[in-house]
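Asks: Under the numbering used here, think of the first position of the sequence shown as 218, with each following residue one higher.
Where hints are given, some of them may not hold.
Taking lysine-lysine and the DSS-like style, the derived pairs with C-alpha atoms no more than 30 Å apart in a straight line are [claimed, not checked]:
{"id": "1", "residue 1": "Lys277", "residue 2": "Lys349"}
{"id": "2", "residue 1": "Lys277", "residue 2": "Lys476"}
{"id": "3", "residue 1": "Lys614", "residue 2": "Lys565"}
{"id": "4", "residue 1": "Lys336", "residue 2": "Lys320"}
{"id": "5", "residue 1": "Lys282", "residue 2": "Lys236"}
{"id": "6", "residue 1": "Lys769", "residue 2": "Lys694"}
{"id": "7", "residue 1": "Lys769", "residue 2": "Lys692"}
{"id": "8", "residue 1": "Lys670", "residue 2": "Lys777"}
{"id": "9", "residue 1": "Lys476", "residue 2": "Lys538"}
{"id": "10", "residue 1": "Lys313", "residue 2": "Lys279"}
{"id": "11", "residue 1": "Lys236", "residue 2": "Lys275"}
{"id": "12", "residue 1": "Lys614", "residue 2": "Lys642"}
{"id": "13", "residue 1": "Lys498", "residue 2": "Lys444"}
{"id": "14", "residue 1": "Lys772", "residue 2": "Lys746"}
{"id": "15", "residue 1": "Lys498", "residue 2": "Lys419"}
{"id": "16", "residue 1": "Lys749", "residue 2": "Lys769"}
These are computed hints drawn from the structure, not numbers from a lab.
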Amino acid sequence: MIDNITIERFKNVKKIELKLENINILVGSNNAGKSSILQSIQFAVAIAQTTSLEEFGKTKWKSNKLSTSLTTNQIIYSPVRDVYALGYGGSLSQDKGKGISVKFQESGSTDSATFVLRKGRNKNLLTEIEGKSLGEPIRDLENPYSIYVPGLSGIPPFEELKSEGLVRRMAAKGDANNVFRNVLWLLYQDSVKWNAFLIDFKDIFPKLDILISFNKLKDEYLNVFIKSDKNIIFPIDSFGTGVLQIIQVLSYIHLYNPKILILDEPDSHLHPSNQRVLAEKLNEITLRLNFQIIISTHSRHLLDSFREYAKINWISNGEIKNEAYDFVSVLLEIGALDKGDVLNGNVKCVVFTEDSKTEILENLLDVNGFNLEETQIWSYEGCSKIETAIILAAFIKEKAPNTNIVIHRDSDYLDEKSCEEIEAKANKAGIEIFFTIGTDIESHYLDPEHIHKIYNNLTLEQITSAIIESTNSAKTKSIETFINTRNALALTIQYSGGNRINPGKISAECISQYDANTSRYRHGKRVLKDLKNRLQQLGGQRDIISPTDHLKFEKLEKIKNTIWS
Numbered sequence: 218m219i220d221n222i223t224i225e226r227f228k229n230v231k232k233i234e235l236k237l238e239n240i241n242i243l244v245g246s247n248n249a250g251k252s253s254i255l256q257s258i259q260f261a262v263a264i265a266q267t268t269s270l271e272e273f274g275k276t277k278w279k280s281n282k283l284s285t286s287l288t289t290n291q292i293i294y295s296p297v298r299d300v301y302a303l304g305y306g307g308s309l310s311q312d313k314g315k316g317i318s319v320k321f322q323e324s325g326s327t328d329s330a331t332f333v334l335r336k337g338r339n340k341n342l343l344t345e346i347e348g349k350s351l352g353e354p355i356r357d358l359e360n361p362y363s364i365y366v367p368g369l370s371g372i373p374p375f376e377e378l379k380s381e382g383l384v385r386r387m388a389a390k391g392d393a394n395n396v397f398r399n400v401l402w403l404l405y406q407d408s409v410k411w412n413a414f415l416i417d418f419k420d421i422f423p424k425l426d427i428l429i430s431f432n433k434l435k436d437e438y439l440n441v442f443i444k445s446d447k448n449i450i451f452p453i454d455s456f457g458t459g460v461l462q463i464i465q466v467l468s469y470i471h472l473y474n475p476k477i478l479i480l481d482e483p484d485s486h487l488h489p490s491n492q493r494v495l496a497e498k499l500n501e502i503t504l505r506l507n508f509q510i511i512i513s514t515h516s517r518h519l520l521d522s523f524r525e526y527a528k529i530n531w532i533s534n535g536e537i538k539n540e541a542y543d544f545v546s547v548l549l550e551i552g553a554l555d556k557g558d559v560l561n562g563n564v565k566c567v568v569f570t571e572d573s574k575t576e577i578l579e580n581l582l583d584v585n586g587f588n589l590e591e592t593q594i595w596s597y598e599g600c601s602k603i604e605t606a607i608i609l610a611a612f613i614k615e616k617a618p619n620t621n622i623v624i625h626r627d628s629d630y631l632d633e634k635s636c637e638e639i640e641a642k643a644n645k646a647g648i649e650i651f652f653t654i655g656t657d658i659e660s661h662y663l664d665p666e667h668i669h670k671i672y673n674n675l676t677l678e679q680i681t682s683a684i685i686e687s688t689n690s691a692k693t694k695s696i697e698t699f700i701n702t703r704n705a706l707a708l709t710i711q712y713s714g715g716n717r718i719n720p721g722k723i724s725a726e727c728i729s730q731y732d733a734n735t736s737r738y739r740h741g742k743r744v745l746k747d748l749k750n751r752l753q754q755l756g757g758q759r760d761i762i763s764p765t766d767h768l769k770f771e772k773l774e775k776i777k778n779t780i781w782s
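All chains, please: the whole structure from these sequences, using the hints.
Replies: Put into structure tokens, the structure is as follows:
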């Protein structure tokens, strides 16, 4: 396993140290340097592999170093045609200390390998590898140390059978699209690897199967098809790019078993649900087969899925900005790297909310006069952290300075002083914030007059009685949640040097406050769920989440008037 990779003077990367874990995510805006990092790693491996070709047979290790010269045409992989343009600032230097350098440091040992490339005389290139113990296995082209898989844009309609060596070289240079079927054919020759590949493929697409054949006496091209669960057979090139992308990634893993798999935006053609399944599968495979993955992505879905077990690196201007991780995770979680690009003069308001389902909030905004055609609701975790919201608001203001930022904040079990402190911080940053009247936004819909407008076939007394019954039904859970929340807060204060927690006192205070102000502290979501069932039995099925004047809320109306005055 590689502990870290240090890249120097490659394209727009001056120097960067990438600490590696099993799965490593590179995120950042366009032209931030993500692809340069991926390309530099594969380029270093390709330089090493090139020195193992037959024409370099006389090249030997001397004092733990291997040096040789080569031409641009000999290099197995280069991200651009003009290799000299890969140097820092677009020019490759002759100076050894100013050439491209990529260093691999192995985990748990002192072994490392440094690959240096600089400009030679007579249009040649000079390369030097230092560190034989690690450098030698990286040179091995028979067992590729790393595989670079760029985004799949499509595959050719036909493929002739190619030699294993040629397929390996094309795969090593990132020319995966043109040997898609050949990789599958080579995998098919090894029944153990093929069956392992199919198991992983079917975990993602259980209703699909892959059929492959080639008769060297009759066939001109490799025959690869996909069979659906309805026994319909399709040529593989007619299938969606998302399925092909996953086939390609899994086939490379099982055929070559690389130490490092490099994926450049594998999410570009995948449905969000398949992105999540792929993430889970890749995590499982890395642990099972003991290899590492480096992925660049713009996808919040992929990031969400990898969050628990991947190292996230925020790349900006060719550097790692990991102190900004909270910022990045939020941006990607809500798709802000994409949404920020579409913000324009037509969007006057962006509302942040922690709720993943936004229909309830949208209805409340509509009733209170928000122009929904000029409003975007961004759902993300972490809205309760005002510091994170302030950073995100700054990002939006940079993209669209005339956009107003509003935070929907569930009051939960905060006291009045805490709410005032949060609001003051938000307002200081130019952000409007509204707290719900109860613990959550569902509490707004527990108003008897509002419900009576919808269930006009019931009396106000029947509705009020149903609300009380549902509130009592949820009482135990409401108080339990209240006490647990306040205990957690008290523990945080204690660990920060504050007073020792007194659970008995906290419990007594919570029960007292609940009894004194039940509508404020009951758990809105639980009560509303129970109430819907009671009302359905009393008056039929109607939608409580509907607009009525009784949902008007003074704070929201004030915010609306500020934006659309």
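Asks: For each hint, tell me whether it holds in the structure or not.
Replies: Hint by hint, here is what the structure shows:
For the proposed pair Lys277 and Lys349, the alpha carbon gap of about 11 Å is at most 30 Å, so the pair holds. Between Lys277 and Lys476 the alpha-carbon distance is near 24 Å, which keeps this suggested pair within the 30 Å criterion. Distance check on the hinted pair: Lys614 and Lys565 sit about 11 Å apart at the alpha-carbon level, within 30 Å; holds. A threshold of 30 Å between alpha carbons decides the hint, and for Lys336 with Lys320 the separation of about 19 Å falls inside it, so the pair holds.
A threshold of 30 Å between alpha carbons decides the hint, and for Lys282 with Lys236 the separation of about 25 Å falls inside it, so the pair holds. Between Lys769 and Lys694, the direct Cα distance comes to roughly 28 Å. Compliance with the 30 Å bound is thereby established for this hinted pair. In summary, the hint linking Lys769 to Lys692 is supported, as the alpha carbons are separated by about 27 Å, within the 30 Å threshold. For the proposed pair Lys670 and Lys777, the alpha carbon gap of about 24 Å is at most 30 Å, so the pair holds.
For a cut-off of 30 Å, the pair hint linking Lys476 to Lys538 stands: about 26 Å separates their Cα positions. Restraint check: the Cα-Cα separation between Lys313 and Lys279 comes to about 18 Å, which is no more than 30 Å; the hinted pair holds. Distance check on the hinted pair: Lys236 and Lys275 sit about 35 Å apart at the alpha-carbon level, beyond 30 Å; violated. Distance restraint check for Lys614 and Lys642: the Cα-Cα separation of roughly 17 Å lies within the 30 Å cut-off, and the hinted pair is therefore satisfied.
Restraint check for Lys498 and Lys444: satisfied, since their Cα atoms lie roughly 22 Å apart, inside the 30 Å limit. Taken as a hint, the Lys772 and Lys746 pair is honoured in the structure, with Cα atoms around 26 Å apart against an allowance of 30 Å. For the hint pairing Lys498 with Lys419, the CA-to-CA distance comes to about 11 Å; that is within 30 Å, so the pair holds. Between Lys749 and Lys769 the CA atoms are separated by roughly 21 Å; this keeps the pair inside 30 Å, and the hint holds.
Violated hint for the displayed structure: number 11, the only one.
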